[in-house]
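Student: So you can see what is in the structure, the chains are spelled out below.
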Amino acid sequence: MSEPARGETALAAAPTAERIKGTSLWADAWRRLKKNRMAMAGLWITAVMSLLSAFAPAIAPFDATYKYEWLVTRPPGFTHPDVLVKNELRLGHAAGVPDSYANARSLRFEARDVRRTKYRVFIEDGRVDRILRPGERRDALEATGESYLAFRRDGVLVPLAVDSLRSGAPAPAALAARRVAIVFLCTPGEPVVIEATQEEGRVVSLTRNGRPEERVEFDGRSVRRVLADGEEQARTHLLGTDGGGRDVLSRTLYGGRISLLVGLVATLVSLIIGVVYGAVSGYFGGWLDMALMAIVDVLYGIPYMFLVILLMVTFGRDIVVLFVALGAVQWLTMARIVRGQILSLKQKEFVEAARMSGTGHLGIVFGHLIPNTLGVVIVYTTLTVPAVILQESFLAFIGLTVEYQGRSLASWGALVNDGVRALSSDGGNSWVLLVPSLAMAVTLFSLNFLGDGLRDALDPQQRGRT
Amino acid sequence: MSESAPVLQVEDLRVHFKTDEGKVHAVNGVSFHVNEGESLAIVGESGCGKSVTNMAVLRLIPMPPGEIPTGRILYRGRDLLNMRNDEIRAVRGGRISMIFQDPMTSLNPFLRISRQLTESIELHTPLRGEAARARAIEVLAQVGIPEPAARIDSYPHEFSGGMRQRVMIAMALSTDPDLLIADEPTTALDVTIQAQILQLIRRLQRERGMSLVLITHDLAVVAGLCTRVVVMYGGTVVEVAPVDDLFADPRHPYTLALLRSVPRLDAPPGRALEPIEGLPPKLMSEPRNCPFAPRCRFVRDRCLHEAPPLEADADGRLRACFVPIRAGQAVDAAEERP
Amino acid sequence: MGQFLAKRLLQVPVVLWVLVTISFFMVRLAPGGPFSGEKRMPKEIEQAMMAKYHLDESLPRQYARFLWDLVAHGDLGPSYKHKTRTVNEIIAHKLPYSLTLGGLATVLALWLGLGAGIVAGIRQNSRFDYASMAIAMVGLSVPAFVVGPLLQLAFSMKLGWLPVSGWDGLGHMVLPSLTLALPFAARIARLTRAGMLEVIHQDYIRTAWAKGLSERVIVLRHALRGALLPVVSFLGPGIAAMLTGSLVVERIFGIPGVGSEFVESALNRDYTLVMGTVILYGVLLVVMNLLVDIVYGFLDPRIRYGA
Ligand SMILES: Nc1ncnc2c1ncn2[C@@H]1O[C@H](COP(=O)(O)OP(=O)(O)OP(=O)(O)O)[C@@H](O)[C@H]1O
Ligand SMILES: [Mg+2]
Numbered sequence: 004m005s006e007p008a009r010g011e012t013a014l015a016a017a018p019t020a021e022r023i024k025g026t027s028l029w030a031d032a033w034r035r036l037k038k039n040r041m042a043m044a045g046l047w048i049t050a051v052m053s054l055l056s057a058f059a060p061a062i063a064p065f066d067a068t069y070k071y072e073w074l075v076t077r078p079p080g081f082t083h084p085d086v087l088v089k090n091e092l093r094l095g096h097a098a099g100v101p102d103s104y105a106n107a108r109s110l111r112f113e114a115r116d117v118r119r120t121k122y123r124v125f126i127e128d129g130r131v132d133r134i135l136r137p138g139e140r141r142d143a144l145e146a147t148g149e150s151y152l153a154f155r156r157d158g159v160l161v162p163l164a165v166d167s168l169r170s171g172a173p174a175p176a177a178l179a180a181r182r183v184a185i186v187f188l189c190t191p192g193e194p195v196v197i198e199a200t201q202e203e204g205r206v207v208s209l210t211r212n213g214r215p216e217e218r219v220e221f222d223g224r225s226v227r228r229v230l231a232d233g234e235e236q237a238r239t240h241l242l243g244t245d246g247g248g249r250d251v252l253s254r255t256l257y258g259g260r261i262s263l264l265v266g267l268v269a270t271l272v273s274l275i276i277g278v279v280y281g282a283v284s285g286y287f288g289g290w291l292d293m294a295l296m297a298i299v300d301v302l303y304g305i306p307y308m309f310l311v312i313l314l315m316v317t318f319g320r321d322i323v324v325l326f327v328a329l330g331a332v333q334w335l336t337m338a339r340i341v342r343g344q345i346l347s348l349k350q351k352e353f354v355e356a357a358r359m360s361g362t363g364h365l366g367i368v369f370g371h372l373i374p375n376t377l378g379v380v381i382v383y384t385t386l387t388v389p390a391v392i393l394q395e396s397f398l399a400f401i402g403l404t405v406e407y408q409g410r411s412l413a414s415w416g417a418l419v420n421d422g423v424r425a426l427s428s429d430g431g432n433s434w435v436l437l438v439p440s441l442a443m444a445v446t447l448f449s450l451n452f453l454g455d456g457l458r459d460a461l462d463p464q465q466r467g468r469t
Numbered sequence: 013m014s015e016s017a018p019v020l021q022v023e024d025l026r027v028h029f030k031t032d033e034g035k036v037h038a039v040n041g042v043s044f045h046v047n048e049g050e051s052l053a054i055v056g057e058s059g060c061g062k063s064v065t066n067m068a069v070l071r072l073i074p075m076p077p078g079e080i081p082t083g084r085i086l087y088r089g090r091d092l093l094n095m096r097n098d099e100i101r102a103v104r105g106g107r108i109s110m111i112f113q114d115p116m117t118s119l120n121p122f123l124r125i126s127r128q129l130t131e132s133i134e135l136h137t138p139l140r141g142e143a144a145r146a147r148a149i150e151v152l153a154q155v156g157i158p159e160p161a162a163r164i165d166s167y168p169h170e171f172s173g174g175m176r177q178r179v180m181i182a183m184a185l186s187t188d189p190d191l192l193i194a195d196e197p198t199t200a201l202d203v204t205i206q207a208q209i210l211q212l213i214r215r216l217q218r219e220r221g222m223s224l225v226l227i228t229h230d231l232a233v234v235a236g237l238c239t240r241v242v243v244m245y246g247g248t249v250v251e252v253a254p255v256d257d258l259f260a261d262p263r264h265p266y267t268l269a270l271l272r273s274v275p276r277l278d279a280p281p282g283r284a285l286e287p288i289e290g291l292p293p294k295l296m297s298e299p300r301n302c303p304f305a306p307r308c309r310f311v312r313d314r315c316l317h318e319a320p321p322l323e324a325d326a327d328g329r330l331r332a333c334f335v336p337i338r339a340g341q342a343v344d345a346a347e348e349r350p
Numbered sequence: 170m171g172q173f174l175a176k177r178l179l180q181v182p183v184v185l186w187v188l189v190t191i192s193f194f195m196v197r198l199a200p201g202g203p204f205s206g207e208k209r210m211p212k213e214i215e216q217a218m219m220a221k222y223h224l225d226e227s228l229p230r231q232y233a234r235f236l237w238d239l240v241a242h243g244d245l246g247p248s249y250k251h252k253t254r255t256v257n258e259i260i261a262h263k264l265p266y267s268l269t270l271g272g273l274a275t276v277l278a279l280w281l282g283l284g285a286g287i288v289a290g291i292r293q294n295s296r297f298d299y300a301s302m303a304i305a306m307v308g309l310s311v312p313a314f315v316v317g318p319l320l321q322l323a324f325s326m327k328l329g330w331l332p333v334s335g336w337d338g339l340g341h342m343v344l345p346s347l348t349l350a351l352p353f354a355a356r357i358a359r360l361t362r363a364g365m366l367e368v369i370h371q372d373y374i375r376t377a378w379a380k381g382l383s384e385r386v387i388v389l390r391h392a393l394r395g396a397l398l399p400v401v402s403f404l405g406p407g408i409a410a411m412l413t414g415s416l417v418v419e420r421i422f423g424i425p426g427v428g429s430e431f432v433e434s435a436l437n438r439d440y441t442l443v444m445g446t447v448i449l450y451g452v453l454l455v456v457m458n459l460l461v462d463i464v465y466g467f468l469d470p471r472i473r474y475g476a
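Chains A, B and C, in that order, are what the protein sequence lines are. Taking the working numbering, the leading residue of the first sequence gets 4, the next gets one more, and so forth. Taking the working numbering, the leading residue of the second sequence gets 13, the next gets one more, and so forth. Taking the working numbering, the leading residue of the third sequence gets 170, the next gets one more, and so forth.
Misleading hints may appear alongside valid ones.
According to the in silico footprint, chain B covers these stretches of chain C (three or more CB under 8 Å from chain B) [said to hold, decoys possible]:
{"#": "1", "segment": "236-248"}
{"#": "2", "segment": "255-268"}
{"#": "3", "segment": "335-341"}
Cβ-to-Cβ under 7 Å is the rule here; a few derived chain B residues that face chain C [said to hold, decoys possible]:
{"#": "4", "residue": "Leu-72"}
{"#": "5", "residue": "Gly-106"}
{"#": "6", "residue": "Arg-107"}
{"#": "7", "residue": "Thr-117"}
{"#": "8", "residue": "His-169"}
{"#": "9", "residue": "Gly-173"}
{"#": "10", "residue": "Arg-307"}
{"#": "11", "residue": "Val-311"}
If you want the footprint, here are the derived chain C segments under chain A, 3+ residues with CB under 8 Å [as the list claims (entries may be wrong)]:
{"#": "12", "segment": "182-193"}
{"#": "13", "segment": "300-311"}
{"#": "14", "segment": "427-439"}
Everything labelled a hint here was simulated from the structure, so no lab data went into it. For clarity, every value in this text was computed on a predicted model and none was experimentally measured. Ideal Cβ positions, reconstructed from N, Cα and C, are used throughout, including at glycine.
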């Protein structure tokens, strides 16, 4: 590994000991790494996280962007029938069932009667001031209803899950900022069992609590379970849903994809710039080295993240811009490290041997020197990936989410941002924040431990240095 | 040998280190003593446990990974290994001083020489402040630092290696210790400087009537400087003898091999140097045989099954060997070789 | 030291010039003018606006004007969005909040980080060592914008001990400075511990033990300086990262500092304000780096005396 110039006769003069020492160096490092439990745990977790992210489309139980608007902020483990059956079924008309039941002959489900009541809730200074039902005034509004939908005065639909409102009590966080809100409340109606049979997409028989009906109207949001041909088909939101009714697990899996992708690609960009720059500087030395390192010194003094922000503001948030911007931030340290390595390596005999046998500068730098810096480069790369992930999440958090062809990509940072924003005052919906936070923290944790372990393993002298 | 009680007596000292690869038996039952005013040499190959033995004297072995399962180290009759922390601290640097191998790294690069000297003086003598500083300047002069009053406020990096070792010696001597342990004090220095430093140590030792333990690889140094020699091999003492006797009449095969492996002025002309074949023992397990047996030319069956104890010959000389070399045999043995 | 500092001082204007130039051209070369986001305005008004802000001049002239105003008067120009106020006024108004926050966080980070790092280094493999390094790893891996809201949730909403947000008295400062300090305390603790571990295995520490000094003296007088060097080197990039972190923390805790202003203006495309803030941060960073260098020289005589 450390003496790689394949097929170059140049190496006739280079000692084969170099090669032997090289392989045992890697074997040694691997042996040392295996002893470091935290680093190995880091390695495994990193591997698992990468696989989960890579295969997110196959693994994710739900479409990460689809909003189950009637199922907002459901806790982990919430099971629902994945479907919104049309609120109305009529004999002879289109069955209006979701695709997954398109081939089922019969459907059976439990729902509630439609019995909506409209309440008006007035909010003053963040407190519930009055609750009005048409014609009467109430102090409190208790309900075991499944969901509320609120229309804020500015016309924005805010899904809420509040079981009670009381005059004088603090208003729900999402409404608190507004002065007046109108809440549509879905009161619990009687549960009814509806059975329908379909043929070629049309309803051919229909019963309501066992009685045949021409037409059944029910609350589509309250459908509990759908049974198709006697088979139960329910899906579970293992980690709950967020304020928009999106599956948190699926979002987190897809978010990992974006975060890791940004981390890897931007690191790769920094790797290429840094290694080439550092190698050239170290190898040629002299005034070139001095000039190149003076540039690095100057660039070191610049507050980078601000330039990245400026860049994203001016040139847009496309993921490619981000790759370049973050990569360009990170290469300085890599360049310094590689330069230091090259400086000491170029004194070694095998470089002299290669030079004597006529290998050109490029051949020496890329064929002999750079491969020998692999150890440090790997270590530093492992530590750069989490740093970049953190930076991207930071940008996403302050509102600069990455985009791809104009579509916003929800990375972990963006998910955490959503979670923070939605966090209710009692922490009752904390999973929306905790799940992506934990996924990100565990991944960064693992990468950091792995990087630490790799450094200890590859460079025992440096042991413990951060 | 000497009638007066020894300054330092080490008895059956064992030091182990727990490492990733297993337990290293660095020192295995070492015993020796240092008489009042004498200079004792400890010689042996690299890794034979010389430094570890002497670090153990001042309890400087890092624990963990080190441990001292058995042994007594008596300084004027009191066991250093059982002392309370404040008692051993009074001995360290006060009664027993140490000089280390590498002067480039043994001085604190962040502190002025003056601070490093006076902290020792203030700790172990009644001198304080200006008086301590005056004392520091005085010892710097004694060890041959030119213009000590001007240079005392320098930092170590402003001194050369030889000068730094002089500073180390000054530091060790500034508290008037009874015993100076010098662990290869010249190995890291240029040859010309080496001689100067050794001369200095010898002069100061004689002037002060201090006892000296000199650890070294260099047998030439031993001949000029010391009165008695302890030869160590593989964590054990293999031979103890007055210096002249040892050169004239080595009893342990390892001592003989050691003498043959270095150039000597008194050797017969034309005799080639003989490196010691084989490798020193790994010390990974409790020795159950003579540690030198695998490399010994005179090895017997018994040597492979039993560890020879350190015993006195009829004339009182100590050696740990079942088949000690008799006077005259050494030459024969050399001629036996093809 | 003199030479070393002179070299650093020489770098300062270069760093700032590079920063100013990059940000200037980045903003001017961006697609769309500064007013393109706003409601369509009549041609004449737009032209008047352009003239008012000298945007009708050639790019080199604009650049020269900007540099001149900046160097000669320290003037960062008008804000495009806050039409009545200059960038200087806005910054002068907001800066004290941010400086207080940053100062508190720095003190906190040094105190926590050095304390934990020193003890962990001296008592390697002890329970304290494992515990503090585990916490430090958490501090490194959990971003401030997760820590902040969780602290708010725990201490403000659940326990009600501290105010949720705002900036009005000591109580308001606790959570934000803690949030901002945590990742830096973590880095400092790790660096200090590693530095300590490295130093206590040095020959000169063995010499100190052999002199009979107490552990306290050995740690404080002999080991600490060497162990602090990597920490001091980190302070430069650390301060840069802290400036960045303050953007998030100010936003979470609703502190009306330069950080939240910056984010706001970045999202609003108030180019001059963004640029002004970038330059301000650049100056802060450069000054801090210079201070760090001086401290470094003060700690290490080999540098002080140009060895
Ligand atoms: N901290 C330690 N951990 C593990 N093993 C150690 C440690 N210190 C010393 N040893 C082992 O103890 C043995 C004796 O070492 P020591 O330093 O005493 O040798 P030495 O005779 O002084 O050699 P040298 O002439 O090279 O100084 C060696 O094998 C060494 O590997
Ligand atoms: Mg030694």
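Student: Would you mind marking each hint as holding or not holding in the structure?
Tutor: Tested hints:
1. 236-248: violated (count 0)
2. 255-268: With 0 residues closer than 8 Å to chain B, the segment 255-268 of chain C misses the three-residue bar; violated.
3. 335-341: violated (count 0)
4. Leu-72: holds (6 Å)
5. Gly-106: Interface hint status for Gly-106 (chain B): holds (6 Å vs cutoff 7 Å).
6. Arg-107: Status violated, d = 9 Å.
7. Thr-117: For Thr-117 (chain B), the interface hint holds, since the closest Cβ of chain C sits about 4 Å away, which is under 7 Å.
8. His-169: Hint on His-169 (chain B): holds, closest Cβ of chain C at ~5 Å, below 7 Å.
9. Gly-173: violated (13 Å)
10. Arg-307: The hint is violated - Arg-307 (chain B) has no Cβ within 7 Å of chain C, the shortest such distance being about 32 Å.
11. Val-311: This interface hint is violated because 38 Å lies over the 7 Å limit.
12. 182-193: Holds: 6 residues of the segment 182-193 of chain C have a Cβ under 8 Å from chain A.
13. 300-311: holds (count 5)
14. 427-439: Since three or more residues must qualify, the claim that chain A covers the segment 427-439 of chain C holds, with 5 doing so at under 8 Å.
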